Every structure is written in C-alpha cells, then in structure tokens.
Amino acid sequence: MAVPTLGGAQLWADRRWRAGWRVQQNVLTGHHRLLDPSDRRHAFGSLEECASRLSALPAGPARLVVLLHGLGRTRRSLRGMADALEAAGHAVALLDYPSTRRPIEDHVAQVVDLVSHLEGVSELSFVTHSLGGVVARGVLAQLPPRVAARRLVMLAPPSTGASLARILHGQLGLLFGAVMGPAGAQLAKGPPVPAPGVPFLVVAGGTGAGGHNPLLEGDDDGIVTVEETKLAGMAEHVVVDAIHTFVMDHPEARAAALRFLSA
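Going by this note's numbering, the letters in the sequence shown line up with residues 5 to 267, in that order.
Please keep in mind that the hints were generated in silico from the structure rather than gathered at the bench. From a predicted model like this one, the values you see are computed outputs, not experimental measurements. For each residue, glycine too, the CB sits at the ideal point set by N, CA and C. Don't take every hint at face value.
Claimed, not checked - If you anchor each label on the Cβ, the simulated ranges turn out as follows:
no.: 1; residue 1: GLY214; residue 2: GLY34; range: 43 to 49 Å
no.: 2; residue 1: GLN175; residue 2: SER126; range: 43 to 49 Å
no.: 3; residue 1: ALA236; residue 2: ALA91; range: 30 to 36 Å
no.: 4; residue 1: ALA236; residue 2: THR211; range: 22 to 28 Å
Please construct the entire structure, taking both the sequences and the accompanying hints into account.
Right, dumping it as structure tokens:
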C-alpha cells in the first residue's frame, strides 16, 4: 500500500531517479525508501531493494534537465520552473538533497552517483537555484564519460561565495552553522568547486540600483549581490527584478532559462 510522505525536505537524499520515481536515503538512519512522483512511499529497506523496483519503469530520455534547489529549500521550490521546462518539451528530473545537513562535496558526490546510474540518459543539462549552482559545478567536473554535459543555468548563484554568509557566520558563529549547516559555512569562505566546463547562463536578482539589503554593497537580491553571481566564462548574465527566494518564478528568469536551454 502506498503511504503518503512529505517528500524528503532536509532529512532525505535522492539516491536514484527513474521516470519521476526516487529512491531516497535518510541522512540520520541510513535506511532507504522508494517514492512515486506524488511522494507516496511504495517500499523501504536497503538501496538495492528499493532500486530493484525501478527496473519495471521506462528508462530515462536521452536528454534530461536536472533541477537542483538552494540552501534550506526543497525540490518543490523549483516546481514552477520544472513545469515550464516540461511544457517546452524538456524532460526533467526534480531532485532533493539535504542542503543544511552535509558539506558541498557530499552533495556533489550524491548527485554524481545518482546521474551515474541513470539508464538511457546520454546528455544532461542543469537548472539550479542558489547553492544548487555550486553543487552542479562540482557534478559537471565529475560526470561519467558516457554522459555528456550540455548546458547549465544558474539562478542567483553565490558563484564566488556570499558576503551575507560571511557577515552572519562572523556574528552568529556556531548558531549560523547549526541552522545553515556545513554548506552554509563553506559559502562564507567561497565555494570549493571548479568553474563550469560547459556554456552557462547566470540569472541574478536585483533592483537595478541599490539592492534589497542594506548590509550588502551594490545591487543584490537580499541574499546574494549581483557581483557575487558573476563567474568568468559565462555565456550570458541577466538581472531580473526579484528577491533571492523567488527569482526562479520571475517570468524573465524562466524565459531566459528556456531560451538558453533551447539554443
């Protein structure tokens, strides 16, 4: 019998994906469960036991767009973007990772392992929000040879770190780490991942003037400054009038992502 769940939040990491179904691992207990696209649990136990149930599902499409959420968020935050991509003909995988529970390198390893087990998929693109862009950069550097990386869209990424994280980490110390986790502390120092080796678009939030947050210098989305989103080698940089939390829902951000992925 299928059992309704909340889908994961910060206590579960997606380990396998196929046709919208996900095998997740609990970050506290280590046990696994199998969820359908409506987040109902159909099995629990070991990774192997849950993953074996996926074999009856259709293999993945040749081209897939993976969506990665930001720090403290869940995959639901990118549901609107995923719907827009699907409406435009893209196949999508909307993933969860426990962003406040583990360091960036562990998130990278989780996603690399997941994409390494995708059957039928030969080409990947990524659409990310905030910390998800940092994770995707790490994943792109470690993709298995059989999977080609195509394009990357980063929405409000702390590409060179986040000065607000540095301010709060300095003022709150251990409390900041307890709330934001090890990945939050890493953003205060600068993300430990290489620049993307594929064409990439950066979409920043801002006002076009002084920004939303008086603690930050220059234009900003309330969390990340426009300058902090920039990264050498970017194919395009777009600024939309949005705050950090909702930049992925801005019509211009969605239009830019669709245009870039379709090029």
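We went through each hint and held it up to the structure:
1. GLY214 - GLY34: 43 to 49 Å: 47 Å, holds
2. GLN175 - SER126: 43 to 49 Å: 47 Å, holds
3. ALA236 - ALA91: 30 to 36 Å: About 33 Å separates the Cβ atoms of ALA236 and ALA91, which means 30 to 36 Å holds.
4. ALA236 - THR211: 22 to 28 Å: Check passed, 25 Å falls within 22 to 28 Å.
In the structure shown, no violation is registered for any of the earlier numbered hints.
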